[in-house]
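*Asks:* For reference, the chains in residue letters:
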Amino acid sequence: MHSDALIALLPFLMMTATAVAAMLAIAIRRNFALVNGLVGGGIVLSLLSLAPASHRAPVQVTELLRMDDYALFFIALLLLAGLAVLGLCHDYFKEREGQNEELPILLGTALLGGSVLAASSHFASLFLGLETLSISLFTLIGYPVEQRRSLEAAVKYLILSGTSSAFMLMGIAFLYAESGELSFGGLGRFIASEPAMNAVMVSGVVLIVAGLGFKLSLAPFHLWTPDVYEGAPAPVTAFIATVSKGAVFALLLRLFVETGGYGFAPLRPVLSLIAVLSILAGNLLALLQTNVKRLLAYSSIAHMGYLLVAFIAGAAIAKPLVAESVTFYLAAYFITTLGAFGVVSMLSSAQLEAADMALFRGLFWRRPYLAGTFTLMLLSLAGIPLTAGFIGKFYVFTSGADGGFWGLLTAIIVGSGLGIFYYLRIILAMAMEVEKIEPESEEKFVGLQSAVTLVVLSLLLVWFGVFPGDLIPYIHALAGSFGK
Amino acid sequence: MIAEASPVSHILPLLVFFGAIFALTAVMLGGAYFLGQRHRTPRAEEPFESGIVPTGDVHLRFSVHFYLIAIFFVIFDMETVFLFAWAIAVREAGWTGFIEALIFIGILIATLIYLEAIGALDWRTRRQRREADRRQHGSDACTGP
Amino acid sequence: MELLGWIPFFPLLGFLALVFFGRSLSKPMVALIGVGSVGISALLAFLVGFELLRGSMAPYRLALGSWITTGDLTIPFGFYLDSLSMTMLFVVTGVGLLIHLYAAEFMEADAGYARFFAYMNLFVAAMLTLVLADNLLLLYLGWEGVGLGSYLLIGFWYVNPDNGYAARKAFVMTRVGDMALALSLFLLFTELHSLDIQTVMERAQSEWKVGAVLPVTAAALLLGGAAGKSAQLPLQTWLPDAMAGPTPVSALIHAATMVTAGVYLIARTHVLFMLAPSAQTAVAVVGGVTLLIAGFSGLVQTDIKRILAYSTISQIGYMFLALGVGAWSAAIFHLLTHAFFKALLFLAAGAVIFCFHHEHDIFKMGGLRKAMPLAFWSFLIGSAALAALPFTSGYYSKHEILLAAFETSPILWGMGCLGALITGIYSFRLLFVVFFGHQTREVEAAIGNRMRIPLVLLSVLALFGGLLQIPLDTVFPASIETTLPSPSPWVSIVTLMMPILGLLIAALFYLTGTLSSTAFTNEPIKRLLLSGWGFDALYRTLFIHPFVALTRWNKKDVLDSPYLRTAWLSRKLHDLTRAAQTGRIRWYAASMAWGAVVVIAIGLLS
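Protein chains in written order, with the numbering used here: chain A, 1 to 484; chain B, 1001 to 1145; chain C, 2001 to 2606.
Read the hints as simulated data drawn from the structure, not as lab findings. These numbers come from a predicted model, not from an experiment. Take the hints with a grain of salt, since some may be wrong.
Unchecked claim - What follows is a list of derived Cβ distance ranges for each label pair:
| no. | chain 1 | residue 1 | chain 2 | residue 2 | range |
| --- | --- | --- | --- | --- | --- |
| 1 | C | L2013 | A | A401 | 34 to 44 Å |
| 2 | A | G41 | B | T1125 | 44 to 54 Å |
| 3 | B | Q1136 | A | L169 | 49 to 59 Å |
| 4 | B | Q1136 | A | E146 | 33 to 43 Å |
Stated by the list, open to error - Over the 10 Å line for every Cβ pair with chain B, so calculated as not near, a few chain A residues:
| no. | residue |
| --- | --- |
| 5 | L45 |
| 6 | A124 |
| 7 | L151 |
| 8 | E152 |
| 9 | I172 |
| 10 | G185 |
| 11 | R268 |
| 12 | S416 |
| 13 | G417 |
| 14 | L424 |
| 15 | R425 |
| 16 | Q449 |
| 17 | V452 |
| 18 | P468 |
| 19 | I472 |
Quick reminder that beta carbons are idealized off the backbone N, C-alpha and C, glycines included.
Taking the hints into account, I'd like the entire structure generated from these sequences.
*Replies:* What follows is the structure, given as structure tokens:
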């Protein structure tokens, strides 16, 4: 192993060291703020170490990991999202009973898993990354042990995630049985050499898609999503919605591009069906939902469906454009989702998770800034112009239109129409005048870190919405180097 | 389209096998159903416990500590497996391998320290631990005003 | 001269300041901004006006920049000042300032003080834009702006639904006229490829023949717009109801300025009307008929403000008559004097209403001559000018109009003379009933200086305003009153005697009580006149009822059904998909397995 590889791996090493150090810190002295700061510092260090790593990119570190611009960008995105979640967690958990010190460590390991996913170029590292991420998530979801809903959500996620991993392992086994290859590149060469796919290969790929589809909560593997989103603590929900999904999607795109999976004709109807089902099911389920966390869960199902459309378009259009669309969409989705769950997290108190729509009634009159931020996030989710969400959706549309996938675009339009209904419903509820002024006993929980996070996210949202040109060149550059 | 459709002859033995299993199960269950006698008394519904009347619930609740210790055992046991694998190839792995093994062991040790510090290896229940603490420092508390 | 651009700016600034900060300002501060902004405009207007008067009276153009540029359509943002717009400018800022000052006291007790002045300033800004605009689109902007101001101010006391109804009625009725104006703008633009007023006039003169279809259509549409704004037949019904607004509003908008915008519009585009003799005749007929029917209605009203409203309609009818017979200068002259004496009358009426706690019925007043001497004298001067008694301002302008009408058609002259008689009767009826006889009630409040000063100044103007000489010859072609030989003296004498006759009749009925009014009035006719000739009822059966019936028939909007179906379908699908969310883990796992089976099957089969 030479020094280039070591430097390229620095972000991973940093994160691992952070986790171990934080563990030892807990062994010496339990202090939530200390561990939080330690993990936060570790994430920042990892982010800084991306710079030397990017000088050496692209580097293939063993057969398992490929550190190229694409991977580094996603690692940066995941780490930044992790930092935001950490900030939200700090304020969310600091007032709560129990030992909260392990939470930042688990966030760190989950980030490590996600980053490995973004860089993996081999089924072994894929599985390692995925499981590191998932196992950390089980614990994170069930972290407030005393709360039944969290525990229920954790168990559900554990069992169903296990099921999905089984599907995926089966799929990997099928592929290995046929090709004798586990690296994406090797599999790609095998597929290129085969004139057509046999049933085992197709089943294998579809099973992998099913397994990853679970993580992305794509229909028909989406049923767990609302229950887990609702049960998990709000910052953790933000984490699942962003880091977990973003990492898996980054992996999915790499898997398809490097193995030439786009060449599979049988896959196209499968993916199209999944995309359409996700868009429709997600939006329809959200339509009359009164629990904001569940509503956002359904909305995330729909958003993954939109994203999948851009992904499917890769079969017909240039890969860099797909990478560009997907990356921008994910970046916008990250900002928006973190912001939305950030608001929920800031509204929640130790006694009450702010999930019921009734709690949002008249929010504009009680906490105007928070309500304004939430409105901004919802508008971005709905894809209203001047928000990053609009540019993201525009990208998806462009990709779909370039590829000529009119059926899928129709689904997006129908879905967006439905979406506006329920996003505006929340905004309307927030703008409603409440008859009785709530007694001031309702403590105004304001956390500095959360507030800063939300402000930054809002600014980014509008900035990228108004001047997408400031972000696009980077994405364009990384997408250009990708898939060649 | 699938280029290479599996010939039926390939699957045939499998089908025969499945069929045989289904048939056997059906014969066993069906035989018992048709040949066996039936009692419709309340006692007949109780689980059979070698003639002893059952008492209590079958759902015994063990302390979570049993599972914890079991898990730790499995985990650390598995880690040793990796070390065995390294030990066999220690010469081939060379110094790089050695350093990697050291890091691996180091992380294990850190974990162990952590587990010890949070009291995960303590067999006592939380209540027992509290009582022990009280006994240690308790003299002050008891003689207090 | 460059100050011209600032004139509409200050009221606009005042409006913005009052809208954004009005809530937090004290009442003196609000009054200072509201009155002061108009004051500055008035000062600037006089500066600019004197400069124009001192000079050669050549029209002055001020280009402030481009407003709309799209394709080959370029609308500049520019002002145009000649003696016509200068006259209007003086009326709007001068009379406007006095009325604002008056309102500062009149409205003092009102909770919506800042809102009132914000609307008033908005109105003044829009009115100034209207009169100064150098192109028809900018004029239209001001036109709609004053409509908005009028709407907001009629419905100022919006708590009472009747006022809101009156505001809507005014808005909708004038909107009918606005539609015609917009159509004429479209026509002029498509035919003459310009909206600049002077260019349009020049091109019309060179491209269109006298009496051709196009100029007649364009002029007729302009007349429609003017009739809507100026409450002329057949769109006159909104003005009496518009009296629901505060009295200063009635004085400013519904007597002195906005309602005369139609007169201004026709005078501004007189070239077109000269190219369309039939349209111009229509203007005269509309004016003649309106002045009569409004005058008759004014005879029987008992609400002090409604009497004045009908008299306003009637006086604007005179202006239309003047325009119709080509006496352009006389029309504008009457506009000017009317602004003085009608504003005076409204303000004096306002003082009476103010002191009587919003009592409008004249028969509940009486004998106020002693109790309110200033109001009495103001009213006396105003009524004399309104009736055109000799040597008041109204006399000069109305006399000119009637003489010019005689030259065109003795019938029109006859109508005008009959109108003058009626005017004499109703104006002095009002004066005698309110100020003579027994005082029935105690006056409950006194008026302060801010209300006194405008009354005094306007009294002076109403008395001597007729001596003003406006050099309108530079704008209008030599009018008939100067080109034709003077008519025979008996025409002048009849014209002169009519108002005096009216005064005597009113005195016989209401002062001395020699004649009883009840003996002469026939109850159905009285009711007809009281309701303004039943136009409201007519329009209700002609337009409102069929329209309401139509909407009721389409109550469940046919076009709504696709949307409702979509919503229903979405709801059903939501329920359907929701049924899958059981929360049971075994069902979730099973559905995942089935989902995997389905996608594999699709993958294999396709």
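*Asks:* Evaluate each hint against the coordinates.
*Replies:* For each hint, the structure was consulted:
Roughly 49 Å separates the CB atoms of C/L2013 and A/A401, a value that falls outside the hinted 34 to 44 Å. Take A/G41 and B/T1125: their Cβ atoms lie about 37 Å apart, and the range 44 to 54 Å is violated. Taken as a hint, the range 49 to 59 Å holds for the pair B/Q1136 and A/L169, whose Cβ atoms sit roughly 50 Å apart. Against the hinted window of 33 to 43 Å, the Cβ-Cβ separation of B/Q1136 and A/E146 comes to about 28 Å, which falls outside the hint.
Every Cβ of chain B is farther than 10 Å from the Cβ of A/L45; the closest lies at roughly 18 Å, confirming the non-interface assignment. A/A124, annotated as away from the interface, keeps every beta carbon of chain B farther than 10 Å; the closest lies near 15 Å. In this structure A/L151 is separated from chain B by more than 10 Å, as the shortest Cβ-Cβ distance comes to about 13 Å. Consistency note on A/E152: stated as away from chain B, and its beta-carbon is indeed over 10 Å from all of that chain's, at 17 Å minimum.
A/I172, annotated as away from the interface, keeps every beta carbon of chain B farther than 10 Å; the closest lies near 20 Å. The Cβ of A/G185 lies farther than 10 Å from every Cβ of chain B, with a closest approach of about 23 Å, so its non-interface assignment holds. The Cβ of A/R268 lies farther than 10 Å from every Cβ of chain B, with a closest approach of about 13 Å, so its non-interface assignment holds. Every C-beta of chain B lies more than 10 Å from that of A/S416, the closest at about 35 Å, which supports listing it as non-interface.
For A/G417, the requirement that its beta carbon stay farther than 10 Å from each beta carbon of chain B is met, with the minimum near 37 Å. In this structure A/L424 is separated from chain B by more than 10 Å, as the shortest Cβ-Cβ distance comes to about 46 Å. Every beta carbon of chain B lies more than 10 Å from that of A/R425, the smallest distance being close to 43 Å; the non-interface claim holds. Every CB of chain B is more than 10 Å from the CB of A/Q449 (nearest about 26 Å), matching its label as outside the interface.
With 10 Å as the threshold on Cβ separation, the claim that A/V452 sits away from chain B holds: the shortest Cβ distance comes to roughly 31 Å. Residue placement check: A/P468 keeps its beta carbon more than 10 Å from all beta carbons of chain B (closest about 42 Å). No Cβ of chain B approaches the Cβ of A/I472 within 10 Å, the least distance being about 40 Å, so the stated non-interface status holds.
Consistency with the previously given hints fails for numbers 1, 2 and 4, ordered from lowest to highest.
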